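S.K.: Read off the chains here:
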Amino acid sequence: MPIVIDANSLINETRRLPTEAFFVDTNIIIDFTDPFGISTTKPTVEDRVRKITKIVGRLKSTYKSFSTFSVAMEYYKHIQFNTYTLYNETKKLDIENFKKLKSNDIEFMQICDSQVRGFRKTFIF
Amino acid sequence: MRSEMWGEDEFHGNSKIGSITNSSRIIRVIEVVDSTILLLPEQGKLLAKKIKLLFNRDRDIIIDFEGYEYFSSTFMNHSIGQLLIDLDLDKKKFNKYFRVTGLKEDDTDDVSLVLNNSQMRRKLYKKGLPAEEYYSNRLYP
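Heads up: the protein sequence lines correspond to chains P and D, in order. Residues in the first sequence are numbered consecutively from 1, following my numbering. Residues in the second sequence are numbered consecutively from 1001, following my numbering.
Be a bit skeptical, because a hint or two may be false.
Said to hold, decoys possible - DEER-style ranges, computed between Cβ atoms: (1) P:ASP113 / D:ARG1059: 27 to 33 Å; (2) D:LEU1139 / P:PHE22: 32 to 38 Å; (3) D:ASP1106 / P:ASN27: 24 to 30 Å; (4) P:LYS51 / D:LYS1123: 28 to 34 Å; (5) P:MET109 / D:PRO1130: 21 to 27 Å; (6) D:LEU1139 / P:LYS60: 20 to 26 Å; (7) P:ASN27 / D:GLY1102: 28 to 34 Å; (8) D:SER1035 / P:LYS64: 19 to 25 Å.
Stated by the list, open to error - Listed below are the simulated DSBU-like cross-link pairs for lysine-lysine, each with C-alpha atoms no more than 35 Å apart in a straight line: (9) P:LYS102 / P:LYS91; (10) D:LYS1091 / P:LYS121; (11) D:LYS1123 / P:LYS99; (12) D:LYS1049 / P:LYS100; (13) D:LYS1104 / P:LYS121; (14) P:LYS77 / D:LYS1104; (15) D:LYS1096 / D:LYS1126; (16) D:LYS1091 / P:LYS100; (17) P:LYS121 / P:LYS100; (18) P:LYS77 / P:LYS42; (19) P:LYS100 / P:LYS64; (20) P:LYS54 / P:LYS77; (21) D:LYS1127 / D:LYS1045; (22) D:LYS1049 / D:LYS1091; (23) D:LYS1127 / P:LYS100; (24) D:LYS1092 / P:LYS100; (25) P:LYS99 / D:LYS1049; (26) D:LYS1093 / P:LYS92.
To be verified - These stretches of chain P come out as covered by chain D in the derived footprint (C-beta under 8 Å, 3 or more residues): (27) 52 to 58; (28) 102 to 115.
Calculated from the structure, these hints are not laboratory results. Owing to the predicted nature of the structure, the values given are computational and were not obtained by experimental measurement. The beta-carbon is built from N, C-alpha and C at its ideal position, and this holds for glycine as well.
Using the sequences and the accompanying hints, generate a full structural model.
M.R.: Below you can see the structure in the form of structure tokens.
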């Protein structure tokens, strides 16, 4: 049976997690890292990112944090998809064009490369 | 060396960083934000605001992170990332006017990620296209 704890009570230090570590889901990691800086463009996203950053920042300073391989893969696909759509001003991923850009377009290659380094750092490979 | 509010000093050479000139100005990030933990959007906005006040195309600015313990990418997005958009600078121009110093080796990649992302958002912004329209937080298992 999972234990439900109000995240605000952790921030306010009125409760502690009954554990030494916690697992983080993909959406939480996306909001915590905000890998495309979308929180700078939309106030509602900024509010969410602020809250997640506070909570995860506090948790990380007190407990160990872990993730799973499937979460890492979801995150990886997230950065791949959005790097492509934001760079090409499109809403759909064209895999063939993605591969073409990744081998021919220097700017796109640099952006992909820095996202992959961010990904590695996030998941500590 | 002259100390001022907001952690701003004149910089008088003798630096290991070759391209810093005598007319460079230093912004000490942890003094501006008043914390060694650089986490929240508002902290980033405060830093960006201070940098914009000092920005002058005739003098370069050193953004010095010396003494920080941790920064989040959110902080970087709202400070350095937003700076590029607000000052209408591309990466090349950013590197011309600003030097980022005092970062831990592992953290220098984050700056390049933030600059790349900011450049993408700036490109969309200049075309009048909202970046969030091309962004999806849907997950692809």
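S.K.: With reference to the structure, classify each hint as holding or not holding.
M.R.: Tested hints:
1. P:ASP113 / D:ARG1059: 27 to 33 Å: Holds - the Cβ-Cβ distance for ASP113 (chain P) and ARG1059 (chain D), about 32 Å, lies within 27 to 33 Å.
2. D:LEU1139 / P:PHE22: 32 to 38 Å: 20 Å, violated
3. D:ASP1106 / P:ASN27: 24 to 30 Å: Since ASP1106 (chain D) and ASN27 (chain P) have Cβ atoms about 25 Å apart, the given range 24 to 30 Å holds.
4. P:LYS51 / D:LYS1123: 28 to 34 Å: Given about 29 Å between the Cβ atoms, the range holds.
5. P:MET109 / D:PRO1130: 21 to 27 Å: Holds - the Cβ-Cβ distance for MET109 (chain P) and PRO1130 (chain D), about 26 Å, lies within 21 to 27 Å.
6. D:LEU1139 / P:LYS60: 20 to 26 Å: Given range 20 to 26 Å: holds, Cβ gap about 22 Å.
7. P:ASN27 / D:GLY1102: 28 to 34 Å: Taking Cβ atoms as reference, ASN27 (chain P) and GLY1102 (chain D) lie about 33 Å apart, which means the hint holds.
8. D:SER1035 / P:LYS64: 19 to 25 Å: 24 Å, holds
9. P:LYS102 / P:LYS91: 18 Å, holds
10. D:LYS1091 / P:LYS121: 22 Å, holds
11. D:LYS1123 / P:LYS99: Holds - the C-alpha atoms of LYS99 (chain P) and LYS1123 (chain D) are around 22 Å apart, at most 35 Å.
12. D:LYS1049 / P:LYS100: 40 Å, violated
13. D:LYS1104 / P:LYS121: 13 Å, holds
14. P:LYS77 / D:LYS1104: 28 Å, holds
15. D:LYS1096 / D:LYS1126: Answer holds: LYS1096 (chain D) to LYS1126 (chain D) is near 21 Å, not above 35 Å.
16. D:LYS1091 / P:LYS100: 24 Å, holds
17. P:LYS121 / P:LYS100: Holds: LYS121 (chain P) and LYS100 (chain P) sit about 26 Å apart, inside 35 Å.
18. P:LYS77 / P:LYS42: Between LYS77 (chain P) and LYS42 (chain P) the Cα gap is close to 22 Å, so the pair holds against 35 Å.
19. P:LYS100 / P:LYS64: Violated. LYS100 (chain P) to LYS64 (chain P) sits at ~40 Å, over the 35 Å cutoff.
20. P:LYS54 / P:LYS77: Holds: LYS54 (chain P) and LYS77 (chain P) sit about 25 Å apart, inside 35 Å.
21. D:LYS1127 / D:LYS1045: 24 Å, holds
22. D:LYS1049 / D:LYS1091: Between LYS1049 (chain D) and LYS1091 (chain D) the Cα gap is close to 19 Å, so the pair holds against 35 Å.
23. D:LYS1127 / P:LYS100: 24 Å, holds
24. D:LYS1092 / P:LYS100: 25 Å, holds
25. P:LYS99 / D:LYS1049: 39 Å, violated
26. D:LYS1093 / P:LYS92: 31 Å, holds
27. 52 to 58: Coverage by chain D holds here, the residue count being 3 at a Cβ distance below 8 Å.
28. 102 to 115: holds (count 4)
In the structure shown, a violation is registered for the earlier hints numbered 2, 12, 19, 25, in ascending order.
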